[in-house]
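Protein chains in written order, with the working numbering: chain Z, 1 to 410; chain A, 1 to 410.
Everything labelled a hint here was simulated from the structure, so no lab data went into it. It is possible that part of the hints are untrue.
[To be verified] Covered stretches of chain Z (chain A as the covering partner; in silico rule of three or more C-beta atoms under 8 Å from a C-beta of chain A):
id: 1; stretch: 119-131
id: 2; stretch: 226-235
id: 3; stretch: 255-261
[Unchecked claim] Rough simulated footprint, nothing fancy, chain Z against chain A, three-plus residues with beta-carbon under 8 Å:
id: 4; stretch: 83-91
id: 5; stretch: 221-227
id: 6; stretch: 252-259
id: 7; stretch: 283-296
[As the list claims (entries may be wrong)] Cross-link-like lysine to aspartate or glutamate pairs, in silico, EDC-like; alpha carbons within 16 Å at most:
id: 8; chain 1: Z; residue 1: K10; chain 2: A; residue 2: E233
id: 9; chain 1: Z; residue 1: K87; chain 2: Z; residue 2: E233
id: 10; chain 1: A; residue 1: K10; chain 2: Z; residue 2: E316
id: 11; chain 1: Z; residue 1: K265; chain 2: Z; residue 2: D43
id: 12; chain 1: Z; residue 1: K10; chain 2: A; residue 2: D151
id: 13; chain 1: A; residue 1: K10; chain 2: A; residue 2: E233
id: 14; chain 1: Z; residue 1: K265; chain 2: Z; residue 2: D98
id: 15; chain 1: A; residue 1: K200; chain 2: A; residue 2: E233
id: 16; chain 1: Z; residue 1: K200; chain 2: Z; residue 2: E165
What you are looking at is a predicted structure, and each value in this text was computed from that prediction instead of being measured. The beta-carbon is built from N, C-alpha and C at its ideal position, and this holds for glycine as well.
There are 2 protein chains.
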Amino acid sequence: MALVNDHFLKLPNNYLFADIAKKVNAFRVTHPRADVISLGIGDVTQPLCPAVVEAMHRAVDEMGTREGFHGYGPEQGYDFLREAILKNDFVSRGIHLDLDEIFINDGAKSDTGNIQELIRWDNSIAVTDPIYPVYIDSNAMIGRAGLKGSDGRWSNVIYLPCTAENGFVPQLPDRRVDVIYLCYPNNPTGTVISRQELRKWVNYALRNDTLIFYDAAYEAYIADPDIPHSIYEIRGARKCAIEFHSYSKTAGFTGVRCGYTIVPKDLTAATLEGRRIPLRPLWDRRQSTKFNGTSYISQRAAEAIYTPEGRSQVAETIGYYMQNARRMLSTFRRLGYRVYGGENAPYIWLKTPGESGSWQFFEELLYGANVVCTPGVGFGPSGEGYVRFTAFGSHEQTDEALRRIEKWNG
Amino acid sequence: MALVNDHFLKLPNNYLFADIAKKVNAFRVTHPRADVISLGIGDVTQPLCPAVVEAMHRAVDEMGTREGFHGYGPEQGYDFLREAILKNDFVSRGIHLDLDEIFINDGAKSDTGNIQELIRWDNSIAVTDPIYPVYIDSNAMIGRAGLKGSDGRWSNVIYLPCTAENGFVPQLPDRRVDVIYLCYPNNPTGTVISRQELRKWVNYALRNDTLIFYDAAYEAYIADPDIPHSIYEIRGARKCAIEFHSYSKTAGFTGVRCGYTIVPKDLTAATLEGRRIPLRPLWDRRQSTKFNGTSYISQRAAEAIYTPEGRSQVAETIGYYMQNARRMLSTFRRLGYRVYGGENAPYIWLKTPGESGSWQFFEELLYGANVVCTPGVGFGPSGEGYVRFTAFGSHEQTDEALRRIEKWNG
């Protein structure tokens with residue numbers, strides 16, 4: 001008989017955002033006239049910028065002609081986009097990469113989920129806690145995470161707590177681990193890592209032969225010039241880190257599906273016998289076998305982000321969202337909440353007052369102000385006692401939500 | 001130290017189409033004035049049809065407005081597309097599915113590669129031989145295929161030969177296997193399976209508790225009314241089969257990236273203890289964790305294929321390619337070749353004359369007629385002594401290639 005991959009059965013049936021939706025629906029059924037505003041899920045709301053829209057129209061027109069038609073593209077992405085990335089996201093920051101170290105994808109979720117295929121099932125993994133659930137769940141599906149305990153912790157995962165007590169800067173693990181997931185600017189806490197702190201992690205990785213999977217999906221939101229946009233700004237990172245980028249939050253591509261991953265040629269992992277194996281050709285092989293490239297139209301759309309018009313239009317939208325973040329921070333602070341993030345990231349991490357846990361605060365806010373946030377504990381054990389707000393709403397909705405929260409507090 | 005997934009190291013370094021490209025380049029370097037025509041790689045050449053182009057323009061315009069903007073879509077795809085699929089591809093053939101048994105993807109290659117994640121690493125697999133390389137390679141990456149021998153066979157894969165001798169109809173395996181990959185209309189042989197033959201496979205699967213992964217990527221090319229378009233036309237298939245569909249060859253979407261997969265609710269696999277686990281929720285979980293949905297624009301494009309204009313335009317392009325197939329069949333037959341397929345599929349499978357192997361014929365054709373075909377042995381051991389031609393060229397290129405082959409033979 002065909003046997004199921006029973007690692008899947010270790011995953012809890014509930015999924016954070018599905019649970020939230022269920023509770024919101026329950027509220028709506030009992031309060032049919034209430035107008036609920038969601039500052040919960042991290043999806044953008046503003047339209048694609050004109051430069052992107054024009055580029056997509058041009059690409060669609062090309063595809064409708066025999067001369068301009070594009071069939072299968074390279075699984076690794078078109079050079080026109082890889083060149084734009086290299087020039088704008090890396091060379092401009094003093095980082096040198098080869099074009100074939102850049103892999104275009106259909107969004108960072110796919111690659112942060114798939115990247116673990118390159119390593120043995122029995123590597124140890126460490127994650128900052130709270131964390132984007134995909135990192136652990138994708139490892140759980142292959143058996144690498146072990147079993148999930150009643151305390152919400154996976155038995156084979158090392159959790160590195162990030163809380164107000166340590167300024168959301170995780171301590172280096174007290175033992176060596178094989179793989180570490182880092183995400184900066186951080187989802188969900190909205191906090192960032194300084195160059196000096198990041199150097200510690202790279203040095204730890206080099207010393208311990210550890211791989212870092214670095215998720216830079218929110219780097220476009222960094223305003224502070226001292227905060228690194230890429231782990232490759234740190235010397236030695238080419239030998240230990242894979243980096244994930246996304247256009248989803250940079251340019252509103254959550255429905256367009258395009259991002260990219262960097263796998264440097266210097267990066268290796270070992271066989272049991274200690275032979276060093278470069279990972280770039282393995283990722284190339286993985287992508288060539290199980291992926292058939294990103295939509296040509298989406299790749300042309302991404303290219304347009306790097307034109308002068310595209311850059312300024314994208315910056316404007318990011319500015320729009322960050323204006324929300326400033327208003328939220330200021331209101332929350334005035335109301336006496338302890339809040340974090342929101343300065344170099346579109347997320348605000350709020351300490352729930354007193355003893356109220358994440359879900360309790362979520363429900364009180366929903367019933368009291370008809371505003372939806374995301375319970376922090378959904379992102380991991382150290383998220384208990386926090387909730388996440390996102391800056392991706394419209395100004396009108398965000399302002400209205402803040403007014404309600406103010407009234408509810410008053 | 002981080003350990004590499006050393007199953008990747010068992011994969012041969014060469015990849016069929018890369019090898020072909022290398023040989024073609026070598027020829028071009030030594031024959032710079034020769035004009036090479038490729039009837040090798042299975043990529044389409046005709047533009048997207050007007051209905052699709054219009055739908056994509058509309059979708060792009062929507063994405064440029066605040067009201068029409070679409071962010072993250074459902075990982076499983078939009079209902080507008082799932083409903084069109086259900087109605088046009090299934091209900092019209094008497095097949096009833098629930099909407100949530102349909103999963104929209106970014107092309108069949110991803111899903112045929114990823115589907116094996118649902119089953120334990122130690123299930124036995126069987127493939128028809130020759131075969132689309134992704135089926136085996138994706139299993140090899142997780143260790144399920146075993147080791148590749150010098151005879152080109154993987155140690156844990158059961159090969160079901162399809163050759164002229166058995167009319168390209170594989171025999172049922174002589175022992176029970178856990179998973180069987182079937183692809184009809186077949187890539188690379190271009191042959192089809194009758195309803196009666198397919199029933200044998202479904203009955204085998206039901207009797208032996210075997211899963212069938214059924215690749216129907218070429219079903220739009222079926223002209224004969226007696227040939228099934230979907231395995232669900234066979235009673236009982238809902239209990240044993242997952243089916244993959246693609247718009248790549250149906251509507252020229254190789255650069256647009258959209259397809260779909262059917263995972264019926266009746267389908268289960270077992271735990272070691274014999275508990276039956278439905279696979280649909282597992283695939284749903286897999287997609288929700290490692291995939292973030294298909295581009296909204298690509299999904300609107302796919303929807304347009306099902307409009308009356310879309311249907312007739314798509315049929316016209318398929319007719320255009322199948323005209324190539326008819327000309328090729330007729331020329332090859334006139335020249336005395338034994339050829340198969342090409343009547344309900346865009347592929348023609350040609351027996352190389354005498355003792356010449358696949359690669360020898362490939363080189364002779366390249367140097368003699370400057371035409372590229374695909375060596376059959378690249379698709380598996382039973383492909384030796386065959387080459388594949390595709391009908392996806394333009395009429396002009398196809399006719400010119402046939403003229404040259406005729407001259408070369410004369």
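Results of checking the hints against the structure:
Counting residues of the stretch 119-131 of chain Z whose C-beta sits closer than 8 Å to any C-beta of chain A gives 5, which meets the bar of three, so the coverage hint holds. Under the rule that three or more residues need a Cβ within less than 8 Å of chain A, the assignment of the stretch 226-235 of chain Z is violated, with 0 such residues. With 3 residues carrying a beta carbon less than 8 Å from a beta carbon of chain A, the stretch 255-261 of chain Z meets the three-residue requirement, and the given coverage holds. For the stretch 83-91 of chain A, the stated coverage by chain Z is violated: 0 residues have a C-beta nearer than 8 Å to a C-beta of that chain, whereas at least 3 were required.
Remark: the stretch 221-227 of chain A is not confirmed as covered by chain Z, as 0 of its residues place a Cβ nearer than 8 Å to a Cβ of that chain, below the required three. Only when three residues or more bring their CB closer than 8 Å to a CB of chain Z does the claim for the stretch 252-259 of chain A stand; here the count is 5, and the claim holds. Residues of the stretch 283-296 of chain A lying with their CB closer than 8 Å to a CB of chain Z number 11, which satisfies the three-residue condition for coverage. Simply put, K10(Z) and E233(A) have alpha-carbon atoms about 35 Å apart, too far for the 16 Å limit, and the pair is violated.
For the given pair, K87(Z) sits about 15 Å from E233(Z) by alpha-carbon distance, which is consistent with the 16 Å threshold. The straight-line distance between the Cα atoms of K10(A) and E316(Z) is roughly 49 Å, outside the 16 Å bound, and the hint therefore fails. Between the alpha carbons of K265(Z) and D43(Z) the distance comes to roughly 33 Å, so the proposed pair goes past 16 Å and is violated. Restraint check for K10(Z) and D151(A): not satisfied, since their Cα atoms lie roughly 40 Å apart, outside the 16 Å limit.
Simply put, K10(A) and E233(A) have alpha-carbon atoms about 38 Å apart, too far for the 16 Å limit, and the pair is violated. Note on K265(Z) and D98(Z): the hinted pairing holds, with a Cα-Cα distance of about 8 Å set against a maximum of 16 Å. Between the alpha carbons of K200(A) and E233(A) the distance comes to roughly 13 Å, so the proposed pair stays at or under 16 Å and holds. A C-alpha spacing of about 19 Å is found between K200(Z) and E165(Z), which places the hinted pair above 16 Å, so the restraint is violated.
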